[in-house]
Structures are given as C-alpha cells and as structure tokens.
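Please arrange chain B on chain A, whose structure you already have, making use of the hints.
Going down the list, the sequences are from chains A and B. According to my numbering, the stretch in the first sequence is residues 132 to 228, in order. According to my numbering, the stretch in the second sequence is residues 51 to 395, in order.
Source of the hints: derived by calculation from the structure; they are not laboratory data. Here a beta-carbon is modelled for each residue, glycine too, at the ideal position from N, C-alpha and C. Worth double-checking, as some hints may not be accurate.
[What the hints assert, rightly or not] Derived, one-sided and incomplete: chain B residues facing chain A with beta-carbon distance under 8 Å:
id, residue
1, E63
2, F116
3, P220
4, K296
5, A304
[Unchecked claim] Anything over 10 Å on all C-beta distances counts as not near chain A; from chain B, calculated:
id, residue
6, A188
7, E351
8, Y389
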Amino acid sequence: MKRLWAIIINLLLLTAPALVWAAEPGEKVKDMATRQVATAGLSAINLFFAGWYNDNKWVFAIIVTVIMGLMGGIIAFVTDIFLKAAGLDVSKMDHHE
Amino acid sequence: MFDMFNVYLPIAELHFNVLILIAIGFSVGVLGGFFGVGGAWVVTPALNIFGFPMAYAIGTDLAHIFGKSIVATAKHRKMGNVDVKLGLVSIVGSVVGLEIGAQNVMWLTRIGLAGPVVRYTYMFLLFGLGIYMLYDFATKDKRAAAQAAKMAAATRSGITLEPKKGWNLPPMMHFPTSGITISFWTVTGVFLFTGWLSGFLGVGGGFIRMPALIYLIGCPTAIAVGTDLFSVLFAGAYGCWTYGIKGAVDVTAAVFMLIGASIGAQIGVTAVKYIRGYGIRLLFAIMIILAGCSVVLKQLELTTTAAWVVMSAALGMCVVIMAGLWKGFKKEKAEKAAYAGKGGA
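Bound conformation, chain A alone (with noise of 0.2 Å):
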C-alpha cells in the first residue's frame, strides 16, 4: 500500500512542471549582436580578437570560452605547483562545523 502511495505521488510530482511552465516568450534583450568595433591602429592580440568580433560573433563567443577555460586550468595547474613548493599545498580536509 506505501508503496502504490510512492508511485503514484511519484506520478504526480513528474507531472507538475508541465502543469506551471509559463506559456508565452518573454521580452528580447537587446544586444550588440550585430555592433562593429574599430580595427585600424590595432595590432596582435588586439587585432585578432576584435576582427572576429566584427567578422562572427559565434566564433569570437567560442575563441572567448576557451580561452577563458584554458587560462582558469592553466593557472590552476601551476599555482598547484608553486604553493606545493612553498609549503602550503592543501589536502583533503576535515569537515568542523
């Protein structure tokens, strides 16, 4: 009997979401999707970033997340390394609360 009341408040609670989910799209946010910037003077780093930004957003979102990802592991990596040489590499912890 504990056990149909389980699968049937299970049933129910899996249909809930569909019964709140708000119907209608909201508002667009406005964006810069389409804004150029100013290539001339620039150079290197500079240059390559903003010419993607002009030429595709998508390939610039994607040059962005990866070097965003990229630098947060490298330096995670190599702060490991220093702090382990100055002594103070940390390991699993006890938990007091």
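Below, chain B alone, put in the same frame as chain A:
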C-alpha cells in the same frame, strides 16, 4: 604614475586601468573561493564606479567567473569539498527553475508589476537569509547543549530517541562526499526553488544555493562552498558563451580580472581550511546583509553610495578572510614546530 597601467580594451573601445581590473578580480576571487559564490553583485557596481561601460560589465564578469571558478573548484576538490554528483543534480534543477523564474518575471513585466515585486523580493531574501544565518550562529551553542541534555535524559530513562524524520519519498539518492541520503524529490525541489529565485531576481544564484545546500540539503558548510562553486563554473561557462555571442564580453578586461581573481581564489579557498563552518556562515550572513543595505540605497537612487557600500564591504571582508587565513596558518605552523620539537612522539 597610474596612467602607465592603462591598456586599450579593443571590444569596449576605451583605455582602462588594469590595476583596477586586477584589484576587483582579486577581491571577488577571495570572496568567491571562500563563500562559493560568483560575485557578480560586487563586480558590476565596482566596475560602474570606475567608469567601465555597463554594456560589457555582466558579460565580462561572467567570462572571468568561468575561469576563476575553475581555479577555485580545482582547489576545493583537492580538499574534498566538491560533491560532483550533487553539483550535477543542482545544475539540472537550477536550469529548469531558472527558466520558470525568468518566465514569471516576464509575465510580471507585461502586467507592470515586475519592478516593485522583484525589488522587494530581493531585499526580503537578502535580509531574511542574513538575519536567519546570524540567528543560527548566535544560538548554535544553546541548541547543541539542549540536544546533549535531551540525549542524556533519554539515556538515563532508558529511552531510545527516534532520529528526526525527514521526507524519504523514494527514489532516494546517496551523496557519499556530503555523507547524506536524501529523497530525489527533496533535492530536485530545493534546486528548482533556488533556480526559480535566480531567474526571478536576475541573479547568478550562488549566494542562494550555498545556504540552501547547508540548511535545506544538509551539507557541511565547506562542501556547500565547493559544490556551489562547481555549479557556478557551468553557469559562468554558459554565461561567457551566450554573452560572447551577444557581443557583450571584453575579453582583454576579463583576462586581467581573471589574473587577479586566480590569486584571490587561492587565498579564499585556503582560508576555508582554517575557519570553521559556523565562522564561514557568520561572515556570509554579514556580507549579504551589507549587500541588502546596498540594494536599499540603490532603490533610494543613491547609486554611487550603494556601489561604494558593496565595494567597501567586499574589501573589508577580504581583509577579514586574509587575517583568518594568516592566523590559522601561523597556528598550524606553530603546532607542527611543537610536534617536531617533541621528536614526533
């Protein structure tokens, strides 16, 4: 002298001082690593004060949050503070809840009530949560003593105390890192709710999810911090990408903020090792009450004062966290020296 640190931001098309970007990144890195939050509510007003174009503030901030949360999560994982399974479940529930919350606020916008409802909900949440966490900290010893007395009385009477009954509607899920077994519906419901609040208020949600993990799921504080950062990592990645497509990320600014944030995150995460769970909760409560005060000032149209309040609170909290880290590190070093002096006996 400081002009030599100005660099050209090619997407925002202006010169900006990198020391400011690194300093903002550093303070948010400390707070993020310590509390498990993204810190956008500090970054946006801070950038505003120093004249960074607001059109790029959110996207640039999310981009740096993505990188920073990789650094902080990796370190928390080493300390055993990341419950990956719980983090992944939280993402699913949060995303669904966020979309529902965003749709609800769009509906309120159409009927002209979004502004006051969202505003007062935000203030109620910040002050309510902060006051509750202060109360929790203030009464922890009294509650622990009462519980010990109850158990002692039960033992003397030969009565076995029944454990407090939670809602254990199957399917049950076990999260070994957090050491909790909980109903799937409880954990999904909690994250649907926190996601709904994020979408409704238009915030990242780290400062909502962290206390939810502690009080509603039952995670130890340090694991709540690490697991929340794991969720923030995915939110940051998605935010970086989607704002990149919208052309609202200045990648150069994000890189400099990430440099500062990476250093700050190392400090914030390490400080978790030396400050006990309730200490983290107390500092978090103070931080969000000050953030609430900033929101009140903003509603009174004292925008610059509000920004200075939140920035000062963030810097002050960084100093407190670094002092806690230094104190704990010195104590650990002294204990190790004493142990070595006794010949390791």
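Hints, one by one, checked against the model:
no.: 1; hint: E63; in the structure: 6 Å, holds
no.: 2; hint: F116; in the structure: 5 Å, holds
no.: 3; hint: P220; in the structure: 5 Å, holds
no.: 4; hint: K296; in the structure: 4 Å, holds
no.: 5; hint: A304; in the structure: 6 Å, holds
no.: 6; hint: A188; in the structure: 15 Å, holds
no.: 7; hint: E351; in the structure: 23 Å, holds
no.: 8; hint: Y389; in the structure: 15 Å, holds
Violation of the numbered hints given earlier is absent; every hint is satisfied by the structure.
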